[in-house]
Structures are given as structure tokens and as C-alpha cells.
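Each chain, letter by letter, is given below.
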Amino acid sequence: MRQPSMYLWGKKGFDPWRVRQSKPRTTGLTCVLDKGLGLTSFYDLLELASDFIDFIKLGFGTAGITPLPILREKIALANKYNINIFPGGTFFEAALVQGEIQTYFRTLADLQIKWVEISDGTIDLPLARRGEMIRMARHFGFHVITEIGKKEPGSVISISQLVQLYEHDLKQGASYVVIEGRETGENIGIYSPEGQVNTLYVEQVNRRIRPTHLIWEAPQTHQQVELLRIIGSAANLGNIPPDDILSLEALRRGLRSDTFFLWK
Amino acid sequence: MRQPSMYLWGKKGFDPWRVRQSKPRTTGLTCVLDKGLGLTSFYDLLELASDFIDFIKLGFGTAGITPLPILREKIALANKYNINIFPGGTFFEAALVQGEIQTYFRTLADLQIKWVEISDGTIDLPLARRGEMIRMARHFGFHVITEIGKKEPGSVISISQLVQLYEHDLKQGASYVVIEGRETGENIGIYSPEGQVNTLYVEQVNRRIRPTHLIWEAPQTHQQVELLRIIGSAANLGNIPPDDILSLEALRRGLRSDTFFLWK
Amino acid sequence: MRQPSMYLWGKKGFDPWRVRQSKPRTTGLTCVLDKGLGLTSFYDLLELASDFIDFIKLGFGTAGITPLPILREKIALANKYNINIFPGGTFFEAALVQGEIQTYFRTLADLQIKWVEISDGTIDLPLARRGEMIRMARHFGFHVITEIGKKEPGSVISISQLVQLYEHDLKQGASYVVIEGRETGENIGIYSPEGQVNTLYVEQVNRRIRPTHLIWEAPQTHQQVELLRIIGSAANLGNIPPDDILSLEALRRGLRSDTFFLWK
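Residue numbers (the numbering used here), protein chains in the order written: chain A, 280 to 543; chain B, 280 to 543; chain C, 280 to 543.
A few of these clues could be false.
[Stated by the list, open to error] Just a few of them, taken from the derived set where beta-carbon distance is under 7 angstroms, the chain B residues facing chain A:
{"no.": "1", "residue": "Ile344"}
{"no.": "2", "residue": "Glu379"}
{"no.": "3", "residue": "Tyr445"}
{"no.": "4", "residue": "His447"}
To be clear, the hints were calculated from the coordinates, so they are not data collected in a lab. Here the structure is a predicted model, which is why all the values come from computation and not from measurement. Here a beta-carbon is modelled for each residue, glycine too, at the ideal position from N, C-alpha and C.
For reference, chain A alone in the conformation it holds in the complex (with noise of 0.2 angstroms):
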């Protein structure tokens, strides 16, 4: 972490609202989606925004066919950033229908991964299962991020559902739970077609669970203002375009136009 002299934000007129938590955070977390990022442009990223990064994913089987050589030094680059990296749920789905979930945890601990994502987004999960899961990888020595929604095209859980996996995963030891948007942020749980935000559902889902262990994923800059909006400047969202980083601190800064007087 910079220090705060390190920015124009530590000087006097530069910040605005003052709403903003530095890492490690526990809420207001900011997880970037990177579907192939070069080396170079990783490293690029992290120098200029790890102070506004928490988690980055490697979205869904990527970490695959990226090279061994880069693979490891993006992770040894986001561990030295103190940023959480780890492989989107879609890899984790392949190698359990292959029946190779222990080569697929003890690959992921052999590459100094420490986060895995445990989801069924595309393969059909019982819970009991799905329970299971979350334990083997908490006894390989993971943190866990589960996943809940299907990301066939218009495909919703009810809030109900929402919030009883929700407590299910947390309770079967879980760090956080994301609420599937896709890469798209359109036709999926809370974002219709056009990616409007359904913001009924996510009020309710508001006022049920503290959004304190909860993510949205909302990759589109609308979509973010909507849900910080909702949740507040400290807002936990995934799926974030490696390009929008600083857009999304401004967000929650009040340093761009939609939230300005937000925090006032």
C-alpha cells in the first residue's frame, strides 16, 4: 500500500467525500476480470492501481492456456501487490466433470494460488455436494469464493434461494459469495437484456443479507453506479474491466459526475 502523500488525493482539496476504506479492505472491494492480460500490461496495471485492487480472476478457463512461465509471474506479482488472484469458477467445473479435483487443487496450491472458486454456472451442483466442495478446498488450504447463478442466458434465482446459499456457502466455510453478471453484464440474474439493473431485487437482497461478504459482478460503468448507488460507496464488485479500475475508485471517491454529490 502507498501511502496517501503518494496521491493528489492526500492533499487538502482533493478528496472530495472522504468515504474511502485503503487495503487490506474488508468491504468496499474492487475485483478485476482479466480474460488475458500480457505480462507486461499486468504489471502495467498493478503499478499504476494496486491500491484499488482486491481480487483479480482469471476469467473462467484462461489460466489454462496461458503460459506456465507468465501464468506463475502473475501470480507472484498480484501476492507481491497484496492482491488475491485465483481462476474463474468455469476451471474449476472442467476438471470436476473430468473427475480431477484433487490434481485440480494440488495444481493450484503447487502454483502458490491461495483463493479458489467453487461454483455451478454452467455444471449441475447438488448442495450436498457443493458443501463438500467448499471443505475440500478449505482443507487444501484455500480461501473460497463461491458463486451463485447460472449463466445461461436469462437465468435468475430467487432472492429466497439467493440468500439461503448464500448462508449455506459462509456456513460451510466461504469467504465470499459473487452474484454472477458475466463477463456481459446482460441477460443474466439481475441485469436484463439492455443490462439494466434489476434494483428491486438488489435492494431486497440489501436489506437481507450485510453486503459485507457478498460481490456483484457489474462490468459496465452504468452498472456500477447503480449499485454503489443501492449499496453504498463501499460496495463489493467483481468483474471489473482491467480499463475501468480508476473510473470505479472515482466512483466511489465521488471523483466522476454520477456520484459526486453521493456522499455529501
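Using the hints provided, position chains B and C relative to the given structure of chain A.
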């Protein structure tokens, strides 16, 4: 400025319509929106395309959350490549509402920044105060770009108001006036919610104001095409995404289909 | 080509359906659209993903406005990584309308470029002249990619015309024929104004032509998914944005939800 011989277009057969002025230009300006490039990306972009970039705007308040060593290096690089760099107007507005405008100008001057943007996209700024801000910026030694237009979705300004503000700002000392288009180019000013250009509006403004000191924010390719069609190859265009600079330059030169026969 | 052992997918449990051919490939080609990458970004991309890139097109006329030292270095890098690099067809068309086609071919040959695109997306090119251009390019020692389709919004070509042109071009010496999709994949050829794929059209073409020498421009992810579904994992796809190469490769291998069970 590189010599034309450093490009294929400097050679016979490679520059169809020869419409393009070299840097430093007074029209045909391309203004890039940097909403958080890493330092290597920034350098990489200037090495590639500095001949086609006249201004770089550090979008909204991102200058405040860029590590100072990186911010300083960006400014030094821009100055070296004869590109005018300045922070977005929202950063100015944030300083103003906090009563820290003197600190703001002094800090930017200390950073060797030579241009500032004066805007009221989010805050209220009475005309007298707007003029005062322009003059104060000039007094600090800055060149001034002002912006016309509110950032609120759907907001439009009448043509006569636009012309009046334009003349006011230049008279107070502004060098350029920007027409608001935001990062998206959707549901704002001349853009419909789907990003379609209000061509009638642009044509009327273009009839009443020589386009020399106007900059139209036009983030989407088809918007750039439309504005080049109406105003000509030398339209001043802003909020160009860094990835699209060569594309816009190709449009300006008739090296892309949409403008291929336009300057014939 | 790196060894499979350089990737996780080379290991047990990480390559679900094993459908993918290694480079040099004759089908399953991925053609990237470079519309202005900086040299570091270009190198960074090849270091990461050269095993999954078969062609790089320097979009439209961008080759003409890339500083020559950078252009030369891009060509050298592409050659080193066994990637075929070539300028977009619009650049060819610009040279042709100026009566400088010999200069064009000679200049590209001097630059060590080995592939050219022959197209009439913007200009008129009678069939006899089209054949002549293909043969002339071959005579200069180039491999030839031709393109079928006009760039005008909404333009479509009949399937029988497409098949005829395809056969004509191969007979005259072309190695591949590209179906126009532009950078956007919207309101052009097989794409509706919203970017939806005309699946019936693709299915019918796929029934009449073996897909080996056809390349479909498919810039958007859901378009890639649709074409892979119809044609199979080894469809040749073009105009892939640089950021999406690993994503497309994951789709081809069943490592992303949309194609997870497709090759089972």
C-alpha cells in the same frame, strides 16, 4: 513531429486525398480520453501515435488517484511529445465545491500542467463566476478549455445558448470550447440514448460558428464519421478512446471505408 | 510453437474435450484485428498468445500511418512467431484507385510482408480485374486472402454469389476467402443491426462449402459462439479483437460456459 518519410503515407500512392495538416495543428485536433492508462501503455501509445494526438485529458478525477510518480511521468512525456495534457473538468468542480480552487490551480501549475478545463457538468456555476474562473486560470498562466453541457442523462442545451456561451468563454480567455458527449456518447447533448448523432443540431451549430475553436466529444467510431461528414476532415474531436486514435486518423485521411471518397 | 507442457492444458484434467489442433493449423484459424496496437502491446500479446494466433490484419489503412520503425518491428515479430501479417483490404483499394498498385505490392514485398488482402468493400472491382489482381499479387510472390462483401451498412450478398466468388477466387490463386463483418459485426453481411447472426445463412453456406478456406469475421463473443456452434470448434474466425484471443481459444476448447458441453 516525425518526418512524413517515416510513414508509408509520405510515399507515392499511400495518401489518397492529402487533406491532413501536420502538428502543431490549429484544426483537425484529436483529443484523447485517458481514463487510467498504465505508464507503459501511455508511453507505448505516444511512441505509436503522438503525431496524431493534440490533447490528452486525464478523465474526470483520475489525476487524483494516479500515483504521483506516474502522473509526473505522464505529464513529462506529453510535454516531450508536444501533446497538451490536462485533468478533466470534474476534478476542477470537486476543488471548487470544496473552496479549494486556488490550491487546485497552484498544484497543477507545480506539476507543469499547462492547460485546464473549466466546466459545470455537475455543479451550478453562474455565468459571472464562470468568467471569473476562466480569468483566474489565465492569471495562473494556464491555457483554458471550457466545456458546455450538463452530464445529467438526456440533458441538451439550446443552440442559441451554446453560441452565447461559446462567445462568452472565448472572450473571457478560453482557447477552446468542448461540447459534452461523456465517455459513452449516449443520451447526452447531440447523442440519442442509442448514440445516434443529432445531425441537424450539428449542422446548425456548424453554420453559426466556425469550427476552429470548438471540440466535439465523439467517443464512438460512427459518431466520428458523422461529424467528419458534416464538418469535414478537420473537425476537432474529443473523448477519443486511446485504442481508436489510428482509426480516427485513418478516417480523417480517407484510409477507412466510411470516408474513403469523402474528400475526393 | 510452445510445447503443450508449457500450459496447464497439457496436464491431466485441464483439457476437457481435446479438440484443438496445434500450429501450424489448416483449420481453426484465429485472425486478429490490430487497429493500432503500440509496439510493446503487440509484443506483449504475442508473448502471451502467439500459439493461438494465425493471422494479424493491420486494420484498413493503419499500416500507412504507423511509424515505419514500428511497422517493421511488428512484421519481424509476427514472422518470428509464425504469424501471417497483412494490411487490410482498404489499403489495397486506396492504392488501386490511385493507379499505384505496382508501387503498393512492391512496397509490401520490400517490407517482408508475405500475405495481401484483395477486396472491393468500398470500390467497384469487376470480376476480370479481381482475378487479375489476385494473379498479380501471386506473381509478386504473395499469398492471397480475398474478401467478399461490401462495407456499406446493411449490404448482403446472395449465397449463390458468395459460393461463385469463393470458387473463383481460389481458382485464381487465393488461399483464403474472408466474409466481411467489419470491426463492429453490426448491420453487415450475416449480422443484423444488433449484431445477431443470420444462422440460416451460415448453415447454408456451411452445407455448400467446406469451411477449410473460409474465414468468418466475427468480432463479438456471442457471434464467435454462434459460428463455433454451427461450424464446429475448427471454424476460421476473423476480426478478433486482441483482448479476446484467450477468450476465443477458451471457447474453442470448451473452457468457457457457452461451449462447455459442445464437443462432449
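Interface restraint verdict for Tyr445/B against chain A (beta-carbon cut-off 7 angstroms): For Tyr445/B, the interface hint is violated, since the closest Cβ of chain A sits about 22 angstroms away, which is over 7 angstroms.
Hint check: 7 angstroms Cβ-Cβ cutoff, Glu379/B to chain A: holds (3 angstroms)
Agreement of hint Ile344/B with chain A interface, Cβ distance less than 7 angstroms: holds (5 angstroms)
Closest C-beta approach of His447/B to chain A relative to 7 angstroms, hint status: Where the cut-off is 7 angstroms and the nearest Cβ of chain A is about 23 angstroms from His447/B, the hint is violated.
Hint compliance for this structure: hints 3, 4 are not met, and every other hint is.
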